[in-house]
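> Sequence:
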Amino acid sequence: MLKGHRTWVFENKPTILSTATVGGPFEANGRVADDFDLLHEDLWLGEESYEKAHRVLLEEAMFKAMEKAGIEKEKVQFLIAGDLINQMTPTSFAARTIGAPYLGVFGACSTSMEGLALSAFIVNYGGADYILTGASSHNAAVEKQFRYPTEYGGQKPPTAQWTVTGAGVALISSHGDGPRVTSATIGRVIDMGLSDPFNMGGAMAPAAVDTIEAHLRDMQIDASYYDLIVTGDLGKIGHEISFDLLRQHGVNVEEERYQDCGLIIYREGQPVLAGASGAGCSATVVYGHLLNRMKRGELKRILVVATGALLSPLSFQQNETIPCIAHAVAIGDGGDES
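Letter by letter, the sequence shown follows residues 1 to 338 of the working numbering.
It is worth saying that the hints were derived from the structure and are not from the lab.
If you're wondering where the values come from, they're calculated on a predicted model, not measured in any experiment.
One or more of the hints may lead you astray.
Taking lysine to any residue pairs in the SDA-like style, the calculated list, with each CA pair at most 20 Å apart, reads [stated by the list, open to error]:
no.: 1; residue 1: 68; residue 2: 176
no.: 2; residue 1: 236; residue 2: 180
no.: 3; residue 1: 156; residue 2: 195
no.: 4; residue 1: 52; residue 2: 41
no.: 5; residue 1: 144; residue 2: 300
no.: 6; residue 1: 300; residue 2: 9
Using the sequences plus the hints, can you model the full thing?
Shown next, in the form of structure tokens:
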């Protein structure tokens, strides 16, 4: 059901039947390492290229999610996923392995919630019983495409962020026990004229604010309705900007209830500059750490606002500014109140 201008309310509350997260060596030293299902000791994952290793991350997460739910891949009716690499080849090649009908989606680092919103919509209206959805990124592969190869040793400004090596996947179902997807607000493209690819957080912050405001307006609720509102990967700079903008726009959200996945995943002292980024950032933190907190009863309702910068190497070379987007998905613990 459409509520307001851009929010879907899922009356049947599709279930997040299982999730799985896979990370790399840097994530193994992070703050939420214990919430990963599998952590690798090196970036190669036994493959001959970083891009092939990227594919393996997603494959492992998908198979682990199915294993945890006791579902064979033949029962998965759709795969909805994406990544940051050109033409989303790691995801498409992983889809070849799974063999399920495949919808590739690109929302940059907002892909995780774009996929979850679409999956919940399809399941809610009887379009499928089992959908796999997720997002992934690989530090070395993404850095090589969007910035400089790691081996180059290029100096980065303090506004830059560290791309997560990780994949997060959820199995969405029309039945079963688990957290429930209750609503989703689809973002619009917001471009404030920023063009610095090393300041993604600052560029994406207005898009996050726009979507949060739209969600609260459409749902006719206050920010206090949620135990936690978490953005995808704004990092330190973007998180502070978005918090200030929300306050200026009259959205009173408590500081401790407003967090960012890019500030959750790594420990203080890890050399990540302004924080984490990448399509795998929100996917791993939400499908690992935050849903584990929900299962332990620490959180009842959360709003995940995944953020994405819709630039490409080509658009940067043509001196384009950075259009950004944010998609919000509300998740409840499965109780009557959600």
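> Does each hint hold? Answer for all of them.
Going down the list of hints, with the structure as the test:
1. 68 to 176: Holds. Residue 68 to residue 176 sits at ~13 Å (cutoff 20 Å).
2. 236 to 180: It is violated: about 29 Å lies between the C-alpha atoms, which goes past 20 Å.
3. 156 to 195: Holds, at about 16 Å.
4. 52 to 41: holds (16 Å)
5. 144 to 300: violated (39 Å)
6. 300 to 9: holds (17 Å)
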